[in-house]
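Order-wise, the sequence lines are chains P and B.
Each residue of the first sequence is one higher than the last, beginning at 1 in this note's numbering.
Each residue of the second sequence is one higher than the last, beginning at 1 in this note's numbering.
Hints were generated in silico from the structure; no laboratory data involved.
The reader is advised that the hints may include incorrect statements.
Since the list gives no way to pick one copy over another, a pair counts as held whenever it fits inside one copy or between any two copies.
[What the hints assert, rightly or not] The list that follows gives simulated cross-link-like pairs (lysine to aspartate or glutamate, EDC-like), each with its CA atoms no further than 16 Å apart: (1) Lys83 x Glu100; (2) Lys73 x Asp144; (3) Lys104 x Glu181; (4) Lys63 x Asp187; (5) Lys104 x Asp136; (6) Lys63 x Glu33; (7) Lys198 x Asp147; (8) Lys63 x Glu99; (9) Lys104 x Glu231.
There are 2 protein chains.
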Amino acid sequence: MKRTVYYISDGTGITANTLGRSLLTQFEHVSFEEITVPYVNTHDKAVSILKEINGIYQRDGLKPIIFATLVNKEIHDILSDSKGIFMDFFKTFIGPLEEELELKSTHTVGRSHGLLDYNNYMLRINAVNYALSTDDGINYKDYDKADFILVGVSRCGKTPTCLYLALNFGAYAANYPFTEEDISHGDLPAFLKPFRHKIYGLTIEAQRLNLIRHIPFINTSTRSIEEIAAEIVARTNFKRRIY
Amino acid sequence: MKRTVYYISDGTGITANTLGRSLLTQFEHVSFEEITVPYVNTHDKAVSILKEINGIYQRDGLKPIIFATLVNKEIHDILSDSKGIFMDFFKTFIGPLEEELELKSTHTVGRSHGLLDYNNYMLRINAVNYALSTDDGINYKDYDKADFILVGVSRCGKTPTCLYLALNFGAYAANYPFTEEDISHGDLPAFLKPFRHKIYGLTIEAQRLNLIRHIPFINTSTRSIEEIAAEIVARTNFKRRIY
C-alpha cells in the first residue's frame, strides 16, 4: 500500500516540496502517494485538511507523513493535532535562529517565495530574456554580457540548463550549438575564443568532445538539469543573484 | 555587521538553499552574507570549510549560521563540530521518518536532485520545448496538448511563468499575447474558446482585463514567478510530473 505524504504550506508549498522530496528519496523502496496543498491560510482550510488526513489514517491504518512550512501559528496548531506524522520545517529551526540572532521572527506568511521583490523579478525576467535571445547560437553579439556560454551538440540539455540558470540563479546563460565539424576540428571557433573563460561544454559522449581542449566539460548523460546547473555555478564561484 | 550564512551540502545545495532562505526571510532586518558550498563530499573539503567557518567566527565574534543537507555521516560530524550554529535539515528529520517507516534510509548522496531519472529528464525537456514552441502565440495548433494556456498583455510575466511551470512541474504551458484590441473586444478570440477551461489570464492592470469574462485572472504585479505558478497549479489541482 502506498504511504500518503502531504506537503502543506500557508505559502506556495515550494519549500515543503523541496525538502520533503529530498527526505523521501532516501527511502527508495517505499511507494508514496504525494499531495501538495499550498495556501492553507484560513481556519476552515486547515480543518478540512485535518479531516482528510485523519480519514486517510482510518482508511489505510498508516499514518500519513506531513511535511509542512507553516508560519501562521493557528494553522500550525490545528494540523499538528492530526493523526499523521507531522514535521514542520519552519517551527523546528526558527527557535534556534531566534535565540542566536536575539530577534523574534516576523511570522510573515509567504515571505520566502511570495515577496514582491521588483529587483528580483526584473533580474529573473532579464535573465530569461537573455537566455531566449541567445538560445542555440541565434545571437552571439551579446556574449560579452554572458555569465556562462554553454556549448555542445544538439539534445545535450543546453537550452533547459540555460533557462534553469536564468530562472533559479538570475544568471545570464547563452548557448551555442557545436556541429560534428566543430568537434572534429578540435578547436573553438575563432569568435568564441575571447570568451573561453566562461565557456562550458555539455556532452553526452565524453570521448568525442574531449577533442576540444581548453574548456571544461560536463557529461550530461548522468546528470539532472539541477546538477548540471549547480556544477557550473560551483566551478565558477558564481554568486547567485536571486533565490 | 553582516551575519555570515553557509549553505553546505554534499549534493547540489539546492535543498539547503531553499529552506535556509525561507527561514532567513523571517528575519527581515538582519543583513546576511550568504555563501553556498555544494559538493562537499571529501574529508579534505569538509576540513577546509570547517577552518573557514571558525576563521569567520574569530574575525567577527559572531557565529556563522550553517544550513546543511549532509547525507554522508563523516562530513556531517566534521562540520557539526564547527564554531557556527549548525542546522542539518536531513539529520533532523531522517530519524523520525526511519522510525515511522520502519526502514533505514539509504544515505545516498545526491539522490534528491542528482538522481538520473531519464523519465523525469525527458518530461522536463519536452515541457521546455513545448513552452518554447508555443511562446507568445507563435504556434497554437498544439493547444490541445497544453495543460495551461496563459494569456495577457506583453510584459506581464507569461514567458517566465510558462518556463517555470515546465522546468519545475513538468507542465505543458503555452502562452498567447493579448492585444489592447482583444481586451476591449471583451471576449476570447474564437479559436481560444474550445480551450477556455485551461486558460489563465495574467494581468498587471486588474480592472482592464476583467473585461474578459469567463476566465480566471491572476494579478501578477504583486506576485513572484513562483507564486503565479503555484497559484495556477493549486487552482487546477494539477499533479506535478516532476520534483
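**Homomeric proximity label, lysine 63 with aspartate 187: Cα distance no greater than 16 Å** = neither (59 Å within a copy, 49 Å between copies)
**Asked** Can you tell me if lysine 73 and aspartate 144 fall within 16 Å by alpha carbon in one copy, between copies, both or neither?
**Response** Neither, since 49 Å and 43 Å both go past 16 Å.
**Asked** Under a CA distance limit of 16 Å, which applies to lysine 63 and glutamate 99: within one copy, between copies, both, or neither?
**Response** Close across copies (12 Å), not inside one copy (33 Å); limit 16 Å.
**Prompt:** Between lysine 63 and glutamate 33, at a C-alpha cutoff of 16 Å, which is it: within one copy, between copies, both, or neither?
**Reply:** within (12 Å within a copy, 40 Å between copies)
**Request:** Could you figure out if lysine 83 and glutamate 100 sit no more than 16 Å apart (CA to CA) within one copy, between two copies, both or neither?
**Result:** So lysine 83 and glutamate 100 pass the 16 Å test across copies only (13 Å; inside, 33 Å).
**Asked** What label fits lysine 198 with aspartate 147 when the C-alpha limit is 16 Å: within, between, both, or neither?
**Response** Classified as within; 7 Å inside a copy, 36 Å across copies.
**Prompt:** For lysine 104 vs glutamate 181, is the C-alpha pair at or below 16 Å within one copy, between two copies, both, or neither?
**Reply:** neither (61 Å within a copy, 51 Å between copies)
**Request:** Could you place lysine 104 and aspartate 136 in one of the four classes (within, between, both, neither) given a Cα distance threshold of 16 Å?
**Result:** neither (49 Å within a copy, 45 Å between copies)
**Same-copy or cross-copy closeness of lysine 104 to glutamate 231 [CA-CA at most 16 Å]** = Result: close neither inside a copy nor across copies, 36 Å intra and 29 Å inter.
Going through the hint list in order, the structure does not satisfy hints 2, 3, 4, 5 and 9.
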